[in-house]
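Construct the entire structure; sequences and hints are all you get.
Respectively, the protein sequence lines represent chains Z, V and U. Take the first sequence: its position 77, counted from the start at 1, is 77 in this note's numbering, and no numbers get skipped. Take the second sequence: its position 692, counted from the start at 1, is 862 in this note's numbering, and no numbers get skipped. Take the third sequence: its position 141, counted from the start at 1, is 1102 in this note's numbering, and no numbers get skipped.
Quick caveat, the hints were computed from the structure, so don't treat them as lab data. Check each hint, because a few of them may be wrong.
Pairwise CB distance ranges (calculated) [stated by the list, open to error]: (1) U/ASP1191 x V/ALA625: 16 to 26 angstroms; (2) U/ALA1010 x Z/PRO25: 30 to 40 angstroms; (3) Z/ASP12 x U/TYR1119: 26 to 36 angstroms; (4) V/ARG241 x U/ASP1191: 49 to 59 angstroms.
Cβ coordinates follow ideal geometry from the N, Cα and C atoms, glycine included.
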Amino acid sequence: MPHEEKALYGPDERVEIQLSVNGTPRRGAAQPRRTLADFLRDELQLTGTHLGCEHGVCGACTVMVDGDPVRSCLMLAVQAHGREVVTIEGLAGDGTMGPLQEAMWEEHSFQCGFCTPGMLIQLSHLLQSNPTPNETEVRDSISGNLCRCTGYESIVRGAMAAAKRLSDAD
Amino acid sequence: MPTEADAVPGHRPAPVGERFTGSSVKRMEDPSLLTGRAFFVADARLPGMLHASFVRSPLPHARVLSVDVSRALAAPGVVAVLDGPQMAKLAAPHGVTGELGQAEDGPAFSILATDKVRLVGDPVVLVVAEDRYLAEDACDLVEVDYEDLPPLVTAEQALAPGAALVFDSLQGNLVSAGERQEFGDVAKAFSRADLVVSAEIRQHRHQNVPMEGRGIVASFDKESGSLLVNAATQGVNTTRTALAEQLGLPLDKVRVQAFDIGGSFGLKFGASREEVAVCAASMMLARPVAWIEDRYENLSASGQAREESFRAQAAVTREGLVLGLTVEMLIDAGAYPGLAAMVVPTVREMVPGPYRMEALAFQATVAATNKASYVAYRGPWASETFLRERLMDLIAGELRVEPLELRLRNVAQRGQNPLRMVTGPSLAGLTTKESLERMAELVDLADFRRRQRSALEQGRHLGIGFATFIEPAPGPRALDKPPDPEEMEHVRVSLEEDGRLLVFTAQMPHGQGHRTTLAQIAADQFGVGLSQVTVVVGDTESAPPGFGTGGSRSATMTGGATLHAARRLRAKVLEVAGQLVDVSPDRLEIRDGQVFRAGMPTGLLTVAEVARAAKDGSRLPDGVDRDLEETAVFDGGEGGWSGGTHCAQVEVDRETGQVEVLRYLVVEDCGELINPAVVEGQIRGGVAQGIGAVLLERSVYDDTGQFLSGTLMDYLLPTAHDIPPIEIHHLQSVLLDQDVNFRGVGEGGMIAAPAAVCNAIADALAPLGVEIKEQHLPPTRILELIARAQG
Amino acid sequence: MKPPAFSYARPTSLEEALLMLSENGPDARILAGGQSLIPMLSLRLARPALLVDLARIPALDGIELGNDSVSISCMVRESQAERSEALLRRIPILRDTLPLIGHEAIRNRGTLVGSLCHADPAAELPAVALALDAVVIARSSAGGTRRIAARDFFLGPYTTSLREDELVTAVELADRPWQGACFLEVSRRRGDFAMAGLAAFLTLEGGAIRRLRLSFCATGDRPTLWTEEDLQVGGLDLDDGVVEHLARVTSTALEPIADVHGSASYKKQLAAVLVRRGLRLAQSRARAGATAEPSGAR
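Here you go:
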């Protein structure tokens, strides 16, 4: 990505940000203080990423940056310059559902759906790195993602069903 | 198990459950949630939309001496800054509910603080700016000069003689001092008692904490004088009524819409002070204004629930029969008390629960304090269950009887006459005894006791706890007054010319899946596929009367209304179809969206064709009802109790005080299941909140009234590691209605779980002499209780 | 809950970064992983005028395995360390410790050096660093390089001996072989800060204590370390009596701070429990000669 980077930006300056989001090159600008979550939601109109606490505890805002799940409320937009970001909108293409989403639909994994983006990002990363997790590993993976509706069992079941789908498909 | 005699004579199991009803069909809600295409209030982006932020009180109780907004007004991007007196000109004081609302000189809840602040988090100034970041910057520039007043941090402090007043017009900070009421012969019950068991039992302050906080986008159109609102609410109708009233707008000038809602659990009803303020700002500026509550605001100022304490005495016979209770209840209603006094009648009525006790004396006092206001949280009256179920275990302990056995000795049974609580309500259809018996089969208590003893020999403390409950879902008909249609949930069903069946309801699903469950009922009753049904929610323009989603009403009342409306519409459609194909309607049926001659394999015409013919009318004789729309209500019928028994099995680490929930079982009767996966999700979610209440969650104030749990590192929600798999067993219900035997299940998990978990912990710690009389048992408290018991 | 405005710099060399720090003094904060700093910004508990982001400076994410110490550079993320088998073999206690820090998504950004510089009294890594005679490498444009021993580094809650113009480029952990080591903590939930935590290191000689270190977190205003010399237990058999003695002596001396999660006396009790459990675990690992087994908090 050709761009000119300055070493110092003022507080009101809008810093140009170029990054890849869900496989597509995107560009935008943001004040240094704007979080990646707000940048995705406001500047790029990707409102699938939710803000549940804005202090890094609830996990609803989890996105993938360079292949790893991170809290987008604990990252500034300027820090995402030049990175590859994946959000819930990019888990499958064109509003369709991938095997993880299909399995979670089947298992009634979610209720209100507010924690869903973070859970899906976290679990899709788990299934990439560990295609046959056990229940404890699933619970470990989402231990930093709060859900207030379900008691987690349906989410765990959905993840296990997704793992099975994925391994059956291989 | 219920017998035939229990059921309504002539009850037909069909047609409910023919196709979709009773099956865990996938939710219509999910595809958009799973792909990031859902639309929550924070996702709204309107042209010219502004963002609101509040300056909030850092003090629990103080006089507001001066407010200087000049620097804030001059800050970049700021459009308006409103203080309390300015806001008072735009909006009437907040609707005060309950007894206070009726008092002539009762307190007025100003939208923003005017003379005083009454809790940490009290809104003082509203800033409206181009962006939330800028709005928060400007909030930092507002200078408020306060004069400290003595904080009232507990109900006891507030009621002490000479205490400072939260509201000058609320003498003694007394929101309500209910008279002692007696049901049955209390004196006689106590005179017959072999022993009296007394206990003071405390329920701590905790709160809803939905993953999405409150939020509203208000857009006022100056030309038409109308206000369009996108709100995170449990009921658009109630929100509209509240907003119209406080903003001085006619009802028809307020339209409330709601889309996806990120949970609520009782929090998002009507219109809060902040939401009224945001609408007032939009009206003043004639621009859309959004306010998305952040987590600090949510924890400190959205409201908190059930800080209550009880002094109870139980009159008990040697055989363990509980003859009667006396209960004194004290409620800490927080700073702007409304709902707290309203739960008292429900608590009073519910105290006997499913037990046969013959007498109850009850008295409740409600006090205002300088803490967050009391709001409804999943089973708002639930502390009666905690009180009763903890008390049952204390009694069992005194008598050295197994707690499960004590419950079996006391539980009311069908066939007993009269089958009602001593406080009045009918217990028709009660299956508590069956739930206890089923639980006994499932847990093998003797085996548990053996394992418990051998664990104890190794210094490990295992415990088992039971709690049994009934949940008005929606509860039996009141005896003294006929059902009022205005208090019911209306459902309107219409057949569109494209063949779609539209179901209009005032329900506002926020996790419960009504778009799916009501469609299941309508599809079966009418005779179309599920994909042909659309449940329309979230718009006062189309919603029929109804207060919204809460009180576990929707399964019975809205489900029942949907069933009847769809069934009536079906008859109407068959009437029209009969004219069109010249066959008597009673020889026609609708299947898969087509009209058939009964039992024949080939369809005669589609329901879409019927709808178009009805609209057109030219092929129909005069006098045929061509209006393919039906509205129905359902009052809940004779039944109305959900209920069951929970069992928790725990291990307590006596060195660290940590509690692990090893196993959790639920035996539940919530009538016929519309969608078992939805039902079980409600139960598991409720149990998780109940486990959280005991082990993790507490809204904390220090002795000076400072709020200490303002982040999710302080207010701890259960994680995936804290909640075990929850085993659910459904009980065969007693069917009391010809058609509608669905019952609510939204609150039961939360109602019973705290008592089950506390009883299990008490059981685990009994060998150490520990007695549990409170609900919140974090590790630090468990070690304190052990140390105290060990002297 | 949005961060206040600040200027933002992303220097591409260490020298440039150091110059910015020296010019802006107390108004500048370093942004490494940001997992402690950004929440403080969002809660507006910190209001720096300038953030200096280290992400563009090359070669700050290395783990160097020296002969008798390992050096961890300031941009090494906790998850990177977790995946470095070579590091975990050299400092096996990190196998216990790193998974206890927050959650995966936090560790993917958070850095080890950042945790030391943040100096949260409840954080795990400062206690480990203290026990391992860590040396913090601090650079400044005026003063060159300063090597600060961990025992001189942690001064109190969120307070270190770093000067305003200094930047920690790396931490060196002494790699003295221990026969058995473990990290144990008690927290409210998995991933939360500890209510009490203990790093225990043990080397035995014929069943007797030859070397011992007990380093606590969350039980005072900074991590607290005892050695076998401090405790005068060198040469003693590690039997029940000695374990009990150590639990009592250490926990009695600690001065934990009460918070919403636990009273001070509760945390002292936990410290004693952790000493008992930690010594037993370290002892069994020492005997097995396997210090690498993972262990949980409970």
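Do the hints match the structure? See the list:
no. : hint                                     : verdict
1   : U/ASP1191 x V/ALA625: 16 to 26 angstroms : violated, 38 angstroms
2   : U/ALA1010 x Z/PRO25: 30 to 40 angstroms  : holds, 33 angstroms
3   : Z/ASP12 x U/TYR1119: 26 to 36 angstroms  : holds, 29 angstroms
4   : V/ARG241 x U/ASP1191: 49 to 59 angstroms : holds, 55 angstroms
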